[in-house]
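Enquirer: Since the structure of chain V is already known, use the hints to place chain F on it.
2 protein chains.
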Amino acid sequence: MDDLKVFVKDVNDAINGTLERLLPAETAYPGSIHSLMRYSSFAGGKRVRACLVMAAYEACGGNFGDDNALKAASAIEMLHTFSLIHDDLPCMDDDDFRRGKPTAHKAFNEALAVLGGDALCILAFEVLADIGRIDIIKEIAVALGTGGMIGGQVVDIESEGKEVDKATVEYIHNNKTAALIRASVRVGAMLANVSKDTLDRLTSYGNNVGLAFQVVDDILDEESTTETLGKTVGRDGEKGKATFPAVVGIDESKRYAQELIEKSWSDIEFLGDKANTLKNLAEFIRVRIS
Amino acid sequence: MDDLKVFVKDVNDAINGTLERLLPAETAYPGSIHSLMRYSSFAGGKRVRACLVMAAYEACGGNFGDDNALKAASAIEMLHTFSLIHDDLPCMDDDDFRRGKPTAHKAFNEALAVLGGDALCILAFEVLADIGRIDIIKEIAVALGTGGMIGGQVVDIESEGKEVDKATVEYIHNNKTAALIRASVRVGAMLANVSKDTLDRLTSYGNNVGLAFQVVDDILDEESTTETLGKTVGRDGEKGKATFPAVVGIDESKRYAQELIEKSWSDIEFLGDKANTLKNLAEFIRVRIS
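So the sequences go chain by chain: V and F.
Here the numbering used here runs 6 ahead of the position in the first sequence, where the first position is 1.
Here the numbering used here runs 6 ahead of the position in the second sequence, where the first position is 1.
This is chain V alone, in the form it adopts within the complex (with noise of 0.2 angstroms):
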C-alpha cells in the first residue's frame, strides 16, 4: 500500500494547489464568504473523489498533472464540500464537528455557512465551465440532484427516527454517497475519452465503491471512538439515522462490503496493470474495518 499513500498524498498537495488558485482569496471583497469557504476546503478531508477521479483519469491513458483534470477533481471536492456544510446545519444534521473541528456555522455563523455552500456549488459549475466539456457538466448535476445526492439527503433525513427497509438505506447510500463518487470515477474515465464499454464498467467499479464507502462508514460510526475518527461517533444511532448496521446488523455488514470490493476489483480486471491505483484505493476502504 506504500505506492497508494505516495498517490494519495501526490492528488492532495495537487488538489491544495489548484484549491488554492481556484478560491477568491480572503482578502477579496466580501472577506467572510472566501474565509468560509476556504476554511471548509481545507479542513483536512482526505479527499477520496479527488482520488477517485486522478485514478481513474490516469488508468484510462491520461497524465496526472493535466490542468483540466485537476480542475474537474477540485470542483467534485467543492461539490461534496458544499454538501458537507448544508448537511451539518442546525436545520439538518446538527453537528457541531466534523474532522475534528467546530463546522461551518459554529466558526462563522449560519446563515454565512449556508451562503459559502451554495457559493462553493455554483464556483464549481463556473469551473467546470472553464473545462469545456458539456458531457461532464450534465454528468455532475444529474449526480447531484433529487435523482442524486439531494434525493439521498433527502431521504436520509425523513427516514431518521423510523423504522427502514434494507431497499430505504440502499437508495440513500446509492444516492447521498455513490452518486457522486460513481460521477467522480466517470469524470475521470470521460476526460481520458474512454470508449462506452470501458465507462460502464467503470461505472460499476465506482458504484461498488460508492456503496462500500457508506457501508463502512456506517460500520465505522459504531465501532470506532470520537478520537480516532475526527467526529462525534455513535451519532447515526442517537439520531434513529438509517444504516446498513441498523438494518442488517454489524456482522452482515462487514460481510456486505468486502462483497462489494471484491465485485469492483473485477469491475476493472480488464485495465490489468493500470488497475492497481484504483484497486488499492477499493482495499483502502475495506481495511479501514477489517
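There may be inaccurate statements among the hints.
Just so you know, same-sequence chains aren't split out, so a pair can sit in one copy or run between any two.
Below, a list of computed lysine-lysine pairs in the DSBU-like style, where the Cα atoms sit at most 30 angstroms apart [what the hints assert, rightly or not]: (1) Lys245 <-> Lys11; (2) Lys247 <-> Lys112; (3) Lys144 <-> Lys202; (4) Lys77 <-> Lys202; (5) Lys107 <-> Lys202; (6) Lys245 <-> Lys15; (7) Lys260 <-> Lys52; (8) Lys285 <-> Lys172; (9) Lys260 <-> Lys144; (10) Lys112 <-> Lys168; (11) Lys202 <-> Lys285; (12) Lys245 <-> Lys280; (13) Lys144 <-> Lys77; (14) Lys245 <-> Lys172; (15) Lys144 <-> Lys168; (16) Lys112 <-> Lys245.
None of these hints come from the bench; they were simulated from the model.
Expert: Positioned in the frame of chain V, the structure of chain F alone reads:
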C-alpha cells in the same frame, strides 16, 4: 403598454409550461422536495428575468418560442427562486410570507427549504448544460457567485443594523439584484449570437434596469401597504436594511430610478423599433413608483 401586457402574459404562459416540463413531478420519489420546488416555482412571481431573456432574444433577432431561449429563461427563474428560498430562511431574512403565500420553510420545513433551494440551483445548471452553450453556463455562474448575487447577499446581511454609505448600498444592489438581471439580458443576446458591440450596449441596459429595479423595490417597501405588495412591507426599515431611501431619502431615490430608466432607454436606442419591448419593460419598472 397593452403590447407589454400581452408580452408578459405570453412569457409567463411559456415559462410555466417549460417549468412544468423541466421540474420533476410531485409523484417522483422523493416527492416532498419536488413538491417544494414546484410550490416555490409557481408562487406567482412576475418572471421579470424571463421576460428580459425573451425580450433581449427577440430584439436581437431570435424567435419567441425557440426551445433553447425558453430553457435558458426557465433556468434563470429557477436560480432566482433558489435565491429567494434561501434568502427567506430564519437564519437569513427570516420572512414568513412572499407574494402572499407562506415561504418554503414555513409551508414545508427548514431542512427541505435548504435542500430544495440547492436542488433548483443544480437543476438549472443541468438545464443549461442541455442547451449546450459553455459561454452561457460561465456567464450565469459568474453572475451568481461571490463576485455577483451571493456576494451582494453577504454584504446585505452583514450591513443589517449598521450605518452604511451609498457605495455599500450600490454594491449590494449591483450584485444582489442587478447581476442576475444583467445576465438575463446578456443571455438573451448571447443566444441570438450578437456582436460584441451589441452585447456591450445591452449589458449597460441590463445594468441600469437591474439597479432601477432594486431602487424601486426599496421605495415600494417604504411606501406600499402589505396588501398591495403581497409581502410584509416596511421590513427593510425594521431590520435596519441598507436601502437607497435610507441613505439618500425617498425623493432622491425616485429621481435616481428615473435617471437609470432613461439611461437604459438610450442604451438600446440603436435597436430602433426592435427595442420596444425592452423599453416597455424598463418603463413598467418605473411606473410602479410614479
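Enquirer: Decide, hint by hint, whether the structure agrees.
Expert: Okay, the hints, checked on the actual structure:
1. Taking the shortest alpha-carbon separations for Lys245 and Lys11, neither the intra-copy value of 35 angstroms nor the inter-copy value of 53 angstroms comes in at or below 30 angstroms.
2. Both within a single protomer and between protomers do Lys247 and Lys112 lie at most 30 angstroms apart by alpha-carbon distance, with minima of 22 angstroms and 24 angstroms respectively.
3. Both within a single protomer and between protomers do Lys144 and Lys202 lie at most 30 angstroms apart by alpha-carbon distance, with minima of 17 angstroms and 28 angstroms respectively.
4. Taking the shortest Cα distances, Lys77 and Lys202 sit within 30 angstroms of each other both inside one copy (23 angstroms) and across copies (29 angstroms).
5. Taking the shortest alpha-carbon separations for Lys107 and Lys202, neither the intra-copy value of 42 angstroms nor the inter-copy value of 48 angstroms comes in at or below 30 angstroms.
6. Taking the closest pair of Cα atoms, Lys245 and Lys15 never come within 30 angstroms of each other, the shortest separation being 35 angstroms inside a single copy and 48 angstroms across copies.
7. Taking CA atoms no more than 30 angstroms apart as the test, Lys260 paired with Lys52 passes inside one copy only; the shortest distance there is 22 angstroms, against 55 angstroms between copies.
8. Taking identical chains as interchangeable, the C-alpha atoms of Lys285 and Lys172 lie at most 30 angstroms apart only when both belong to the same chain, with a minimum of 27 angstroms there against 59 angstroms between chains.
9. Taking the shortest Cα distances, Lys260 and Lys144 never come within 30 angstroms of each other, neither inside one copy (34 angstroms) nor across copies (44 angstroms).
10. Taking identical chains as interchangeable, the C-alpha atoms of Lys112 and Lys168 lie at most 30 angstroms apart whether they share a chain (28 angstroms) or sit on different chains (23 angstroms).
11. For the identical chains of this complex, Lys202 and Lys285 are intra-copy neighbours only, at 21 angstroms inside a copy versus 50 angstroms across copies, given an alpha-carbon limit of 30 angstroms.
12. Neither within a single protomer nor between protomers do Lys245 and Lys280 lie at most 30 angstroms apart by alpha-carbon distance, with minima of 42 angstroms and 60 angstroms respectively.
13. In this assembly of identical chains, the alpha carbons of Lys144 and Lys77 lie at most 30 angstroms apart whether taken from the same copy (16 angstroms) or from different copies (15 angstroms).
14. In this homomeric assembly, Lys245 and Lys172 come within 30 angstroms of each other (Cα to Cα) only inside a single copy, at 18 angstroms, whereas the closest approach across copies is 48 angstroms.
15. In this homomeric assembly, Lys144 and Lys168 never come within 30 angstroms of each other (Cα to Cα): the closest approach is 34 angstroms inside a single copy and 42 angstroms across copies.
16. Proximity of Lys112 and Lys245 under a CA criterion of 30 angstroms is satisfied in both settings, with 20 angstroms inside one chain copy and 23 angstroms between copies.
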